[in-house]
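Undergrad: Chain by chain, the residues:
There are 4 protein chains.
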Amino acid sequence: MLSAKPLPAYLLQRYNGWKATTYTENRAWYKRLATEGQRPRAMIISCCDSRVHVTSIFGADQGEFFIHRNIANLVPPYEPDGAQHGTSAAVEYAVVALKVSHLVVLGHSNCGGVQGCMQMCSGEAPHLEETSSFVGRWMDLLRPGYERVKDEPDAETRMRLLEKEAVLVSLENLMTFPFVREAVEAEGLTLHGLWHEIGEGGLEWFDPKTGLFAPVGQGAAG
Amino acid sequence: MLSAKPLPAYLLQRYNGWKATTYTENRAWYKRLATEGQRPRAMIISCCDSRVHVTSIFGADQGEFFIHRNIANLVPPYEPDGAQHGTSAAVEYAVVALKVSHLVVLGHSNCGGVQGCMQMCSGEAPHLEETSSFVGRWMDLLRPGYERVKDEPDAETRMRLLEKEAVLVSLENLMTFPFVREAVEAEGLTLHGLWHEIGEGGLEWFDPKTGLFAPVGQGAAG
Amino acid sequence: MLSAKPLPAYLLQRYNGWKATTYTENRAWYKRLATEGQRPRAMIISCCDSRVHVTSIFGADQGEFFIHRNIANLVPPYEPDGAQHGTSAAVEYAVVALKVSHLVVLGHSNCGGVQGCMQMCSGEAPHLEETSSFVGRWMDLLRPGYERVKDEPDAETRMRLLEKEAVLVSLENLMTFPFVREAVEAEGLTLHGLWHEIGEGGLEWFDPKTGLFAPVGQGAAG
Amino acid sequence: MLSAKPLPAYLLQRYNGWKATTYTENRAWYKRLATEGQRPRAMIISCCDSRVHVTSIFGADQGEFFIHRNIANLVPPYEPDGAQHGTSAAVEYAVVALKVSHLVVLGHSNCGGVQGCMQMCSGEAPHLEETSSFVGRWMDLLRPGYERVKDEPDAETRMRLLEKEAVLVSLENLMTFPFVREAVEAEGLTLHGLWHEIGEGGLEWFDPKTGLFAPVGQGAAG
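Residue numbers (my numbering), protein chains in the order written: chain U, 247 to 468; chain L, 247 to 468; chain G, 247 to 468; chain W, 247 to 468.
If you are wondering where the hints come from, they were derived from the structure by calculation, not from laboratory data.
Keep in mind the model is a prediction, meaning the values are calculated, not measured.
Heads up, the beta-carbon is just placed ideally off N, CA and C, and yes, glycines get one too.
Keep in mind that the hints are not guaranteed to be accurate.
Unchecked claim - Cut-off 25 Å, straight-line C-alpha distance, at most; resulting in silico cross-link-like pairs (BS3-like, lysine-lysine):
(1) K345(G) - K277(L)
(2) K345(L) - K277(G)
(3) K265(U) - K345(W)
(4) K455(U) - K251(L)
(5) K265(W) - K277(W)
(6) K455(G) - K265(L)
Stated by the list, open to error - Reference excerpt, derived from the structure (chain G facing chain U, CB under 8 Å, subset only):
(7) T268
(8) E271
(9) N272
(10) G305
(11) D307
Chain U with its partners taken away, still in its complex shape (with noise of 0.2 Å):
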């Protein structure tokens, strides 16, 4: 037999207050919704931290945002192997079937993931080392990264730039699987390289021109 229980109360109590009010305001919407098929104008990739609030920050309502979580917001390279690659189908899905025109990468602050990244290539997690260890082996997409940025002297700079180098890596194998780069380059599809600070609420954006993330403007796009 399965091992399942019921909802834990304080969900149960959240779902009812939703379906009394957000539920019932917009029923029209939802029913819709549910006929017709989501038509979402983009895909986040996002990590699964809790404090990354995606819906929050960019004001999601349902429908709106395609969402693929996972840890460090990383995206694999295209490797059509026939193995499983929840990430990879996710891309595929949200640009060839529901043609997406924006994908975000969204990096962030404090990111454990990263962090542990950072201690496996610096040698201080042999655990993480061990075939055994899921969250190891998906950092190592992040190693390129680190090579990247280890001769940074500063331990918390060094670290800041790991996290953004887990957005750029993913930008960088985004445009290796064959039907996001014919989006891209079709002009259907804009890729965005996001990191959001989490104490400041910040959010910075990558501009190409500069190589850089800079922060993103007050009144107008970048």
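With chain U held as given, fit chains L, G and W onto it using these hints.
TA: Structure of chains L, G and W alone, referenced to chain U:
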């Protein structure tokens, strides 16, 4: 040079609105979350589908839920083969590092991934059978579920059953992870299977005693 | 020998019900709360009144709110005189030890303590003026509020204003505590004044810009 | 100008959920409570600790319990000296004005206030000895309890005993209030001492016949 564009204006606008209101009103808490780290009570595994608005349904606030979202809310079986398993990494991080108390698998109606699986398994979607189809290979995870529902004659009922199988297969697979099993047996973790009906705003939970999904209660858990 | 009796049957029954349901469904979380300690996001100061159901109104779950309840939700001014100040001790513990992010003073309609204060201050309740009246001496804290509202001619309006003064006097007094002021100035703490209408289930917040209480919004804060 | 901010969004959301469900479903009762006043059957004195969820443990509904919460659920001795005694005021109001039938002192495990008292009394927390420490001066109330348990050699047992002393000292002090003693002797009021174990969800009651705390029964009172 990387392909990356400035943040689309509508997202910048939303972010600026969030910064001036929600962030400002909760600055003290966000600073504390950044300094002290996250301590989420629950992990939620849900679909990337833009209509499954996890944070809205459960009134989630910053720091409350560790959320992994992939196509069709699937968890693969335990396979410590050194390859990249993003979902397994997320589960490992949540259970081992964060020690979440609840792990909720949230399925939903009108799921495009599940629909693709149904078509693929019944021979109607040869393109999903190809090695190069990431969505197809990902949905292979649900084949054991398809086997259990394929004899249901009514098409709509069959689809609904398969959507719920996506929850059940994931719950089964979760228990193949040694660290999940141990946490469940030590009463440090409870698993929960839910299915969300988008149009009606409904929520059903899997009750292992009956082997069926039933609407969650209005006043009490289950 | 101490005077103490067994738990009344109705409370025992309630507890047994809780243990078999809510506790059992949330055992993992409660164990973790016991081991790791509390980390409440907010402190709430409310009245002891049985009709002010703080945890219900805010859907509070175990571990979320540090709650101090006294007669008329009053906070005395800062008086480090070595005497016993239970409310000041609670505020100190919440702000200094627990570092809560929000401190909410929740007043309410139909408050018996405030009514007593009104009668006492207007000379209609001599028994409350006696040295031995604990309620009278406690309500002395609200005398500055009475002075500000006493000229309001309509009795019902006057009472309502005094209930709200119980919130304002407390907010004023809170800022006389050095550790509260410092936390507020360092943006580590925000203060909030609320007034709850019991019969209508209403909730108003104090807006310092207007100097008035106004209904909280339906969709956004304030 | 007073320092006060709008209600944080998460609390507003919770409130709106409550208004649309619990309030709406119970409107008639809440209106009556507002009109007729409260008539609580019991007063509960518990700790402010966010993990001591009094209303959950006893399935409390609006109007049932008059609840006073302070650090370590302490009641000071009767001291009609004209100074402000918030706890004594709450007890006076409950017994004299509301005429509650039961007065329950609810202690708990893992109490930060009791831990502070232990450290202070054993000389390990000089900052709590300072005149300006509100927590320290408040915990002075428990010094008689410390004297009775200080010779217990096992640290964990000693802490547990002191947590229970916080209940016993309060029960003793309650009987020094003339109006409490009179109500008890007239059989209009019963006193109850409880201790709640957070991790296990346990509940023990003080039995004056044995002088010990014992688990409350499963089927009958005590």
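Undergrad: For each hint, tell me whether it holds in the structure or not.
TA: The hints, checked one at a time:
| no. | hint | in the structure |
| --- | --- | --- |
| 1 | K345(G) - K277(L) | holds (11 Å) |
| 2 | K345(L) - K277(G) | holds (11 Å) |
| 3 | K265(U) - K345(W) | violated (40 Å) |
| 4 | K455(U) - K251(L) | holds (10 Å) |
| 5 | K265(W) - K277(W) | holds (14 Å) |
| 6 | K455(G) - K265(L) | holds (20 Å) |
| 7 | T268 | holds (5 Å) |
| 8 | E271 | holds (5 Å) |
| 9 | N272 | holds (5 Å) |
| 10 | G305 | holds (5 Å) |
| 11 | D307 | holds (4 Å) |
Hint violations for this structure: number 3 only, all remaining hints satisfied.
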